[in-house]
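One letter stands for each residue in the lines below.
Number of protein chains: 2
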Amino acid sequence: MDIEAIAQERRPRSLAQGLSSLRTCLVKCKDKAVDLGRSIKKLGQDDPRRVIHSLKVGLALTLVSLIYYVRPFYDSYGISGMWAVLTVTVVFEFTVGATLSKGLNRGFATFSAGALGVGAQHLACLFGEEGEPIVLGVLVFLLAGAATFTRFFPRIKARYDYGILIFILTFSMVTVSGYRVEKLLELAHQRLSTIIIGGATCIIVSIFLCPVWAGEDLHKLIILHLEKLAIFLEGFGSEYFQSVNEDKPVISTEEKTFLLGYKSILTSKNMEESLANFARWEPRHGRFQFHHPWKQYLKIGALVRQCAYRIEALNGYLNSDLQAPPTFNKRIQEPCLKITSESSKALTMLASAIKLMTDPSLASLHLHNSEIAVDNLKILLKTTSLEDTELLSIVPAATVASILIQVVKCVEEIYQAVNELSDLANFKSAVKPKVSPEKPQAQLLIHLGVVKPVVNIGGNKGDVVVTVLDDKIPENENNSRANYPDQPL
Amino acid sequence: MDIEAIAQERRPRSLAQGLSSLRTCLVKCKDKAVDLGRSIKKLGQDDPRRVIHSLKVGLALTLVSLIYYVRPFYDSYGISGMWAVLTVTVVFEFTVGATLSKGLNRGFATFSAGALGVGAQHLACLFGEEGEPIVLGVLVFLLAGAATFTRFFPRIKARYDYGILIFILTFSMVTVSGYRVEKLLELAHQRLSTIIIGGATCIIVSIFLCPVWAGEDLHKLIILHLEKLAIFLEGFGSEYFQSVNEDKPVISTEEKTFLLGYKSILTSKNMEESLANFARWEPRHGRFQFHHPWKQYLKIGALVRQCAYRIEALNGYLNSDLQAPPTFNKRIQEPCLKITSESSKALTMLASAIKLMTDPSLASLHLHNSEIAVDNLKILLKTTSLEDTELLSIVPAATVASILIQVVKCVEEIYQAVNELSDLANFKSAVKPKVSPEKPQAQLLIHLGVVKPVVNIGGNKGDVVVTVLDDKIPENENNSRANYPDQPL
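Line by line, the protein sequences give chains L and Z. The working numbering applies: residue 52 is where the first sequence begins, and numbers increase by one. The working numbering applies: residue 52 is where the second sequence begins, and numbers increase by one.
Among the hints, a few may not be true.
Identical chains blur together in the list; that is why a pair holds if it fits in one copy or across any two.
Claimed, not checked - Heads up, simulated BS3-like pairs for lysine-lysine below, C-alpha to C-alpha not over 27 angstroms straight-line:
1) LYS81 <-> LYS208
2) LYS460 <-> LYS346
3) LYS406 <-> LYS346
4) LYS93 <-> LYS346
5) LYS460 <-> LYS314
Honestly, the hints are just simulated from the structure, not real lab data.
The whole structure should be built from the sequences, with the hints applied where relevant.
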């Protein structure tokens with residue numbers, strides 16, 4: 052075969068190869084575009100406020116651009132109008148609190164640094180033409196160094212970091228440009244007023260167009276976390292004992308991911324702190340006053356996280372390969388299930404108390420029930436005979452029981468903190484049961500009753516909570532109705 | 052007494068009161084000043100790099116101010132010189148990585164947005180004098196909205212958030228000011244070049260004057276976390292069993308705070324992630340290449356946190372009020388102490404392997420020992436007779452044992468991850484023992500020996516690790532020398 056023939060044979064093949072690789076490339080590109088489209092859609096659907104926020108930024112920027120387009124504005128502000136554009140881009144944040152924080156920080160910092168800069172300028176003038184740049188340089192060095200150092204203080208960093216940055220920026224720019232630009236005061240005035248225009252545009256658009264309040268987000272986040280703990284505890288009880296009894300996991304992967312919602316609590320500290328920081332800047336909105344006790348939310352958040360750490364430890368025992376003897380499991384199953392379901396109900400009620408901003412004392416009934424269940428569990432563990440069982444096989448179950456007891460302690464602490472929040476924020480009161488909160492006796496095990504509370508939704512002072520006494524043990528512990536013993540609480 | 056007399060009597064008293072309140076006020080002010088001085092001193096002493104960083108910012112700002120002071124510079128850049136000042140203030144960050152990330156983001160964003168802005172300007176020109184502002188307004192709205200939305204993508208937010216901000220800023224400013232300022236290209240060129248001057252100043256000062264590398268900080272942070280886990284485990288073993296045996300805590304409050312160092316690991320996720328993000332921007336420095344596997348550090352960090360969650364659960368049992376029978380405690384004490392001390396040693400060795408960047412396989416000896424101890428513990432728990440003991444009283448001790456078993460699993464995973472890091476980053480190899488890693492037999496309990504390894508510090512390939520076999524059980528398990536069974540590893 053001669054070379055030409057080989058070449059001819061190869062040409063179509065390489066053409067076909069080229070076409071196929073082009074096709075693969077196109078398919079890949081299409082796939083990537085589809086993926087991108089999907090992730091954009093998901094991002095928007097997960098929180099539609101993101102789309103609204105993007106539109107709001109566009110709107111605010113277009114509004115301040117008017118300064119340039121409209122002749123009278125331009126004539127009075129000139130090129131300084133761009134500071135308004137700059138301010139909007141930098142100050143506009145997702146939440147009202149963050150926008151206010153940045154806007155006010157920027158405003159005050161510009162004003163104070165501007166004034167100080169003019170002062171420094173005058174001081175430097177006294178040192179003659181040659182001394183001036185040296186004095187100004189030294190001043191910039193000292194002030195920038197000192198201000199940068201203050202940014203390392205955690206409390207200042209949390210609240211005024213941006214302000215200090217703008218302070219350094221403005222001071223340097225005023226002192227430095229003052230050395231050349233003669234119309235210093237006019238420049239400072241123009242800059243300040245355009246920044247005020249930009250900042251005001253941001254704040255107005257942020258507050259009056261579908262506002263996103265950091266405070267409300269923090270409020271909802273804490274509620275969500277409480278609910279996630281409740282979901283885990285409710286699911287854990289049934290999942291653990293069913294899988295232990297029937298020797299196989301009874302829960303689908305989907306439900307499992309649902310159960311694992313609590314994982315996000317473990318690393319939520321920074322988010323809570325920044326939301327609380329921004330919330331402090333926000334004016335009265337919805338049901339929140341200006342001095343709403345946001346710090347208390349952080350306290351609750353920290354306790355919720357403590358509880359989540361315990362739950363993380365519990366989660367490690369969900370698919371344990373060691374099986375306790377069925378008789379032992381059956382014995383501890385009842386109090387353990389009671390603990391998980393009652394703690395879960397207590398947490399759900401605490402979440403709904405925060406949500407409705409009503410007194411959380413109704414949750415104490417469930418908390419109390421879980422404490423009784425803890426006592427019962429302890430009695431059971433005390434009286435269980437272990438003659439025929441290997442200790443090793445019951446260690447996982449005993450560990451679960453032991454951690455559950457700790458979880459109840461955590462829930463108690465959360466209850467106390469929510470109570471404090473209720474006092475601090477003047478939550479509407481629900482009527483507390485007029486009975487003494489005596490420590491229940493262990494005999495309760497023998498005689499359980501059911502109290503169905505009619506939760507008072509309106510929650511005005513003086514409303515009466517109607518409770519119905521029902522003297523039989525519920526057949527299904529897992530239903531959603533609340534179970535209480537008919538003992539003094 | 053007439054009024055004058057009363058007034059005379061009161062005057063000195065109110066003067067005295069005034070003086071005393073002034074004194075109190077002065078004392079308070081002095082106290083506050085002293086407190087402030089102390090906290091400033093502490094802030095500087097905790098990390099002296101903070102002071103150096105502050106001085107560096109001052110220096111960089113003074114350097115770019117030269118643009119204004121020096122006539123030739125000013126003549127070519129004019130008022131645009133202030134962009135250099137602005138860039139330095141905003142871009143200069145604590146670590147080199149953060150400074151580079153911000154500087155490069157700012158540079159590229161300014162360039163691309165400037166070019167796009169000029170294009171938009173030309174496009175708008177086509178629509179005539181009346182159409183131009185409308186087209187520009189629509190373009191600004193669309194681009195600002197779209198760019199703001201992309202900032203919600205977590206991956207983009209982590210790396211390019213600042214770049215997108217500057218992109219929006221520059222695009223708006225170029226299009227908007229282009230509508231008025233005729234010398235658009237000159238303006239864009241001046242802005243870009245002054246930004247480059249500012250950015251370059253930052254980067255040079257940041258890199259060549261006592262640099263703070265984010266990568267090195269991440270490296271040290273992970274080492275510190277491993278050491279903190281090791282300290283807790285070492286302390287926990289002795290503390291738990293001594294307090295249980297002697298019925299009182301034997302540890303001082305000071306030591307206790309030392310033990311609780313691990314708490315900072317629980318919430319360190321954000322810090323690790325931001326350090327890793329910045330580290331990616333950093334050039335080769337010290338022992339770290341440009342493509343050092345920083346992601347693997349995040350993986351190790353996550354596993355260390357998992358271990359810290361378990362340890363947080365353990366910590367809850369340090370001062371348990373339930374006392375197990377001394378005989379039971381004595382039985383599980385030995386394997387439990389072995390687990391804690393060997394895991395602790397394994398973690399310490401892993402930390403030092405990362406520190407020295409040598410192969411971590413030496414830690415496998417300790418890990419192996421702790422696995423043997425786990426097996427022994429399981430055998431003990433299997434064979435323990437519980438005829439005379441209450442289950443309730445041994446639950447805490449059993450829980451501790453159970454969690455310790457989980458901790459060993461965590462340490463194993465950490466070991467794997469550090470091994471992967473060692474492969475990825477080409478750590479210097481230490482000689483691995485030439486024996487098969489067979490699962491040890493439980494009989495090991497009966498015949499324990501000691502291997503004293505001579506750790507090879509130089510760690511060059513081919514070096515031989517000398518091990519000394521010593522065939523007796525060590526008298527004191529708590530001493531710092533490493534104990535190994537004389538079985539194949």
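Hint check results:
| no. | hint | verdict |
| --- | --- | --- |
| 1 | LYS81 <-> LYS208 | between (45 angstroms within a copy, 25 angstroms between copies) |
| 2 | LYS460 <-> LYS346 | within (22 angstroms within a copy, 38 angstroms between copies) |
| 3 | LYS406 <-> LYS346 | within (17 angstroms within a copy, 40 angstroms between copies) |
| 4 | LYS93 <-> LYS346 | between (33 angstroms within a copy, 26 angstroms between copies) |
| 5 | LYS460 <-> LYS314 | both (20 angstroms within a copy, 20 angstroms between copies) |
Consistency with the previously given hints is maintained throughout, with no hint failing.
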